[in-house]
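Just so you know, the protein sequences line up as chains A and B, in that order.
In this text, residue positions in the first sequence follow UniProt numbering: the first is 1, and each later residue adds one.
In this text, residue positions in the second sequence follow UniProt numbering: the first is 1, and each later residue adds one.
Hint data in this document are derived by calculation from the structure and do not stem from the laboratory.
None of these values were measured; they are calculated from a predicted model.
Not one of these hints is a red herring.
Note that identical chains are pooled: a pair holds if it fits in a single copy or bridges any two copies.
In the DSBU-like style, the derived pairs of lysine-lysine whose C-alpha atoms are separated by at most 35 Å in a straight line are: (1) Lys152 with Lys211; (2) Lys272 with Lys211; (3) Lys279 with Lys152.
Number of protein chains: 2
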Amino acid sequence: MASDLLPVEEARARILAALSPTAAETVALPDGAGRVLARPVVARLTQPPADVSAMDGYAVRAADAAEGAVLAVIGSAPAGRPFAGRVGQGEAVRIFTGGFVPDGADAILLQEDAVAEGDAVRVREAVTPGRWIRRRGLDFAEGSEVLPAGRKLTARDIGLAAASNNPWLAVHRRPRIGILATGDEIALPGDPIPPGGIVSSNAHALAALVKAAGGDAVVLPIAPDDTAAIAGVAATAHAFDLLVTTGGASVGEHDLIQSALGGEGFELGFWKIAMRPGKPLIWGRLGRTPVLGLPGNPVSAMVCGVVFLMPAIARLSGLPGDPPPTRRVLTAVPLPENDRRADHLRSVLSVDEAGRLVVTPARVQDSSMLATLARADALVLRAPFAPALPAGAEVEAILLAELGI
Amino acid sequence: MASDLLPVEEARARILAALSPTAAETVALPDGAGRVLARPVVARLTQPPADVSAMDGYAVRAADAAEGAVLAVIGSAPAGRPFAGRVGQGEAVRIFTGGFVPDGADAILLQEDAVAEGDAVRVREAVTPGRWIRRRGLDFAEGSEVLPAGRKLTARDIGLAAASNNPWLAVHRRPRIGILATGDEIALPGDPIPPGGIVSSNAHALAALVKAAGGDAVVLPIAPDDTAAIAGVAATAHAFDLLVTTGGASVGEHDLIQSALGGEGFELGFWKIAMRPGKPLIWGRLGRTPVLGLPGNPVSAMVCGVVFLMPAIARLSGLPGDPPPTRRVLTAVPLPENDRRADHLRSVLSVDEAGRLVVTPARVQDSSMLATLARADALVLRAPFAPALPAGAEVEAILLAELGI
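Please construct the entire structure, taking both the sequences and the accompanying hints into account.
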């Protein structure tokens, strides 16, 4: 029966192949952090705009500044107030970090290597030509690309875009992700819980995951297990770049989603994925809106969120949508041979005395246990049919903090 | 002269010792991600609320379910719709994942180990008592603490708080951080640039850093190098949990800030820190508002932001304010012996063929180069007087992506 299970990588590749980045919008510089550039940022000026001093001291002609020489101080050049004159033979100009190097000078005598003597300065240590001068354009030149399209902007990038005189940025619009939880048995926190029911946790946990991935989450009201109710919500799918459903992805429930969405002109794919937790997945398109149906089990929903939804949001945001980054870490305990499903062991991270990262999978990996998921720092990846490993062996793990979740 | 330089750790410890967490506020569950709990989250229900099935199958009495036995199916128990009756001898109830285990049953016969025969089911594989049953309270019990105070909430925690029926969360208020850039020579991006001036990048880069650290940033208008202007802004400091200035922290400029803030009843500390880049730092208190003065050099400002400001915001947010997390990585190139200043080498990260993280420090570490900072993935830490290291040696590095900047 292995043939009816889709490998994780293939499912993710099919999802990503069906998605394209959102259109560009213009945002003000301060709103750019965390967004993905739709167009490169080009420097609108040269930085530094002229040769400037890298230190506090004196702008001099290196040929004059032998040890013991005394130079006449003819002016000063603090940052932002260039000295208008020219440094002639036997002359110096007091200069500060970032000050423009005046005409005639070709080196900076450090403050600590100089002794001020009234209107003159005595050289305590000779300087070489070019010393402590930052050349014009050292950082960037006008017209050069300082940040490429497709880059997710950091705080440092915001600084670079500002310094290169860009008040506006062209970025991909944040993907709008509709989230629809279905099920007769679920209620929102604080609402009355139906007999035998449980409190819905998926929609808001997934909304936080969507936000961490750079999307805007729209949590839709819970839909009961009822064709008309689900179809009614589905009719609004055009408002979203991606509609995520949760619940309705097990074998029987799948038929309900199928028939509810079928009336909306939907061709639905239903995949059983070779993974644990979270094997069933719905994938299709409702009009122009892609639909990702996650399992109703909360742990499965979050793990599938990491494995499929976060890359999908990255792709919609203008990024490649790479698989979640993994690190090689050491397992604290022996791991049994794996079966045909890729496993994602909820694990706690620690650092051993040698500074290496060590993972300890939770003893009980029951996919209903949200407390175990919340306490986990990592998902240890076990490939299909991975051999047994002794304690201390290297394994690949997704570190959840690196995903911001 | 080493004695006049304050070690990084001591400066950070003094800053943290002067700060306390903001007061608590109530936020709705969906707004809780990334916030720090001011009070524990306590489960308002038991999950699962009863013994439930972990799989699709049949609820049976294990004593009856020998291989080949045929049991009468007397009803069904899907999730959310408990079966009201009792499973007697020779009887079974169709059950689905999450369905309550009916009275009388003590095990689940898996669907794949059963053959439906009209109103009966034939057992293909015997079951043991308790098999595939999730016990009441397996995840959490009513009244138990599911998330402790002081925890920064993840998307998974939001799921756990929801599942335990908590629509509201008590979290620390986001710290409000005022950011004041000073200097005659700086202009905002797109504004006219004064002769010899540069475009201000610090305020907006720091604002993005503040946001990444969980604070609310308020960027104040640029203040010229003028006592009255700086004093005017300082008079509004009470609106902030922390006022950050940038510029005015070099030796000469420090006097200006000192005299400008002095009129506001400010006792100002001025520290030269044993670090590179970014040695001068202002630290003090204006009324009840702590003030952190960062260097005007943009690279120094950001590195000091990582080293001092992010831990300060963490402390204000209700976290301990630990030093930035570091990882042991390998240096791709030999590193020279370090001098008395802790160095923070802007470095690019890569992964070698063995899956290990490798850092390559930028060849030119000039602290004016924003493009180098933007391209960096890591700050390699070099302790004061650290010995020379060969290529391939282990070093400690701050990975900037882990800080979200």
